[in-house]
Amino acid sequence: MYSGYNKILRIDLTNETTEVENISPQFARKFLGGNGFGVKLLYDIVPPQADPLGEDNTIIIAVGPANGTILPGAAMCAFITKSPLTGIFLDSYMGGHFATEVKNSGYDVIVISGKLQKHKYLVIENDNVNFCDAQGLWGMETTKTQMKIKEDLKNSEFQVACIGPAGEHLVKFASVICDTRASGRGGVGAVFGSKNLKAIAVRGDRDINVAQPKRVLEYTRDTFEEMKKHPALGKNIPIYGSTGSVDGNNSLGILGTRNWQKEFWKDASNISGNSLVENNLRIGHKSCASCMARSAIFFQAKSGEYKGITSRGPEYETLYSYGSVLENDNPDSIIAADRLSDELGIDTMSTGVVIAWVMECFEKGILTTKETDGLEIIFGKHEVLLDMIKKIAYREGIGDLLAEGTKIASQKVGKGSEEFAIHVKGLELAGHTARGLKGMGLGYAVATRGGNHQDIRPGAERSGKLDRQIIDGKPEHVLKNQRMCTIGDSLILCRRHSEPVFGQYLSEKYVEVINMLTGFDLDMGELNTIADRIYTLERMFNCREGITRKDDILPPRFMKEPIPDGPSKGMYMKEDELNIMLDEFYSLRGWDIETGIPKGEEIKRLGLEN
Amino acid sequence: MKKILVNKDKCSGCKICESVCSYQKLGDKFNRRKAAIRVVIEGELGEKITPIVCRHCKKAKCAEVCPVDAFYEDQNTGALIIDKVKCIGCGLCAEECPFGAINLHDEFEIPFKCDLCGGDPLCIKYCVPNAIVYEEEHRIGASKRERSGN
Numbered sequence: 000m001y002s003g004y005n006k007i008l009r010i011d012l013t014n015e016t017t018e019v020e021n022i023s024p025q026f027a028r029k030f031l032g033g034n035g036f037g038v039k040l041l042y043d044i045v046p047p048q049a050d051p052l053g054e055d056n057t058i059i060i061a062v063g064p065a066n067g068t069i070l071p072g073a074a075m076c077a078f079i080t081k082s083p084l085t086g087i088f089l090d091s092y093m094g095g096h097f098a099t100e101v102k103n104s105g106y107d108v109i110v111i112s113g114k115l116q117k118h119k120y121l122v123i124e125n126d127n128v129n130f131c132d133a134q135g136l137w138g139m140e141t142t143k144t145q146m147k148i149k150e151d152l153k154n155s156e157f158q159v160a161c162i163g164p165a166g167e168h169l170v171k172f173a174s175v176i177c178d179t180r181a182s183g184r185g186g187v188g189a190v191f192g193s194k195n196l197k198a199i200a201v202r203g204d205r206d207i208n209v210a211q212p213k214r215v216l217e218y219t220r221d222t223f224e225e226m227k228k229h230p231a232l233g234k235n236i237p238i239y240g241s242t243g244s245v246d247g248n249n250s251l252g253i254l255g256t257r258n259w260q261k262e263f264w265k266d267a268s269n270i271s272g273n274s275l276v277e278n279n280l281r282i283g284h285k286s287c288a289s290c291m292a293r294s295a296i297f298f299q300a301k302s303g304e305y306k307g308i309t310s311r312g313p314e315y316e317t318l319y320s321y322g323s324v325l326e327n328d329n330p331d332s333i334i335a336a337d338r339l340s341d342e343l344g345i346d347t348m349s350t351g352v353v354i355a356w357v358m359e360c361f362e363k364g365i366l367t368t369k370e371t372d373g374l375e376i377i378f379g380k381h382e383v384l385l386d387m388i389k390k391i392a393y394r395e396g397i398g399d400l401l402a403e404g405t406k407i408a409s410q411k412v413g414k415g416s417e418e419f420a421i422h423v424k425g426l427e428l429a430g431h432t433a434r435g436l437k438g439m440g441l442g443y444a445v446a447t448r449g450g451n452h453q454d455i456r457p458g459a460e461r462s463g464k465l466d467r468q469i470i471d472g473k474p475e476h477v478l479k480n481q482r483m484c485t486i487g488d489s490l491i492l493c494r495r496h497s498e499p500v501f502g503q504y505l506s507e508k509y510v511e512v513i514n515m516l517t518g519f520d521l522d523m524g525e526l527n528t529i530a531d532r533i534y535t536l537e538r539m540f541n542c543r544e545g546i547t548r549k550d551d552i553l554p555p556r557f558m559k560e561p562i563p564d565g566p567s568k569g570m571y572m573k574e575d576e577l578n579i580m581l582d583e584f585y586s587l588r589g590w591d592i593e594t595g596i597p598k599g600e601e602i603k604r605l606g607l608e609n
Numbered sequence: 000m001k002k003i004l005v006n007k008d009k010c011s012g013c014k015i016c017e018s019v020c021s022y023q024k025l026g027d028k029f030n031r032r033k034a035a036i037r038v039v040i041e042g043e044l045g046e047k048i049t050p051i052v053c054r055h056c057k058k059a060k061c062a063e064v065c066p067v068d069a070f071y072e073d074q075n076t077g078a079l080i081i082d083k084v085k086c087i088g089c090g091l092c093a094e095e096c097p098f099g100a101i102n103l104h105d106e107f108e109i110p111f112k113c114d115l116c117g118g119d120p121l122c123i124k125y126c127v128p129n130a131i132v133y134e135e136e137h138r139i140g141a142s143k144r145e146r147s148g149n
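Residue numbers (numbering that gives the first Met the number 0), protein chains in the order written: chain C, 0 to 609; chain P, 0 to 149.
Read the hints as simulated data drawn from the structure, not as lab findings. Please read all numbers here as calculations on a predicted model, not as lab measurements. Just so you know, even glycine gets a beta-carbon here, dropped at the ideal spot from N, CA and C. All clues given are correct.
Now the stretches of chain C that chain P is said to cover, found in silico as 3 or more residues with beta-carbon under 8 Å: (1) 91 to 103; (2) 195 to 208; (3) 285 to 291.
So here's chain C without its partners, still in its complex pose (with noise of 0.2 Å):
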């Protein structure tokens, strides 16, 4: 018995009309649930060079055999497209309840096609789905949404994903917010805007069922008292949440500082995790679903004009985005950064990385004043941060060209300026380097939805447990840290939880959670093979829209800009050492050494052929 329904809910908003699908037993063994339905079906139903905000593009919501479980971390829901942002394949994974209500409502799967007319939001009960009308909330801010379509349907029980102005204003990295919660990147967001959605309402009432609830709940128990005895999910994650980052990538000089100019920050612990908690902005914290390491904190502003302002955040990410790589050092400025992004819908990463290569671009004299409607947007000045974040949003003045991203930005504007546009095939790059750490390097460079840190992890190499300047083994390295996110993302288990727990690759504990959870009798050597059919459909994805090997490359100024300062210093991805690890990464992957792209013989092995 598979932990699911085995339901697909096809929504078509052209004609507002649904149906219901069931997946085949072989289907779900061979995908496995949220990040490999998702996959599959965006491969089969979005067709190539498909417009990301045109009719043709799909947005299918997963979950996996442990979401609506007890099993810890089991919250992720999975939002998959085809990325406004980078035209190439996006996973983006929401935590929170949202994942548990859609599990609730019956389905596995909800896929969402075509484009209404008017602009509408849609509200899924079990079986019923109706679409509603949402001119009304057009505009509004997310919290607003979620609180009026509650009000509305008169059920607080309601989970609701919504966008805010920026996916109103196809912002291309505009994101979905649930509760405090969001599917931050590559903008899902716009394309839910570019279809007329404002927002989709979920709640249900069906029983989940798993092959072995006993032993879930055994094991379950078992695993909270191994949980409280670490000391990073027993101890440190309920206070700071990821916010203790700041310090730890600091102290190693790898904290994305001034547009990457440096990785060394000496005003890093005014913004750290540390001073929130001692400077009392830390005023309370929850959790996701079936979560014991309670990480959502809460922060609320105490000075200047944003005293009073609060945010369920921010994390150790928007401390980068919106702080060391601006070299703002003000942390008041930055919760309510996070606050207001999180209200306009919009990826706080993109965000603060577009925001830093206009600071780059100011210091440079590449734009000035007139391009900026008079604001001086210079390293430092967080007076200008929430008057940047609306301009984007909103797309006026130059957020309109911001909005487009930082590599469309720099393609524009040119003179040199896309030599510092830290991004990878147009996503913006997450806290964590490329030129301090060589396996999240690589892992950068060939992460199937661009610059970014969910695919490949930096803790086997931060940590020491891997030499993080060798080459060696790193190609390796990264296929089975990519294997581990791979099938964490179809489960789908929080990174927070499955991390300290199983460790960075797969092991027999992800085997026997699944087999308890579906009643399949996966060995190791099927588990592999399923992360990799999962992975190397997303590649194929991306090369049928003509990405190859050209274009698993880092940002210019880590290939060739060692890092200035700091315990990091001299540091950079000589493009050599990248050249090195890419052949051996794609001939561990069965994909072609000159192309990149995926092989015959590895898509027939893969069960890919058609």
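Given chain C's structure and the hints, the job is docking chain P onto it.
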């Protein structure tokens, strides 16, 4: 008597208690909509989190309004229990409970209400932040009286 004591300040809203409760009640599956304990999440950013579970009141409104006298006290645990044979599933008890701690579901004739699992409640074993504990009722409010309780 021992009761499930709630410290809402410690609850993080993971809802594992709901799932575990539903497993206990249904036997072999999970369904948070069929649980006797519920976690209500409210507020602009979902910051107001309250676990709701039967308080086994001594002058229980639910028992008072029950038209068929289906409520009785368990001799061993002191829990207020619904007699499944007597109960007619009218829902009056759910309507009267001042806390909303009694839940109805389409598929069931009898409401879902905490029965303390016969004196060994499963939910509290899965609450990592100890927002719900099974303790003597004179400990109610203890965390507010005693600094160490936080």
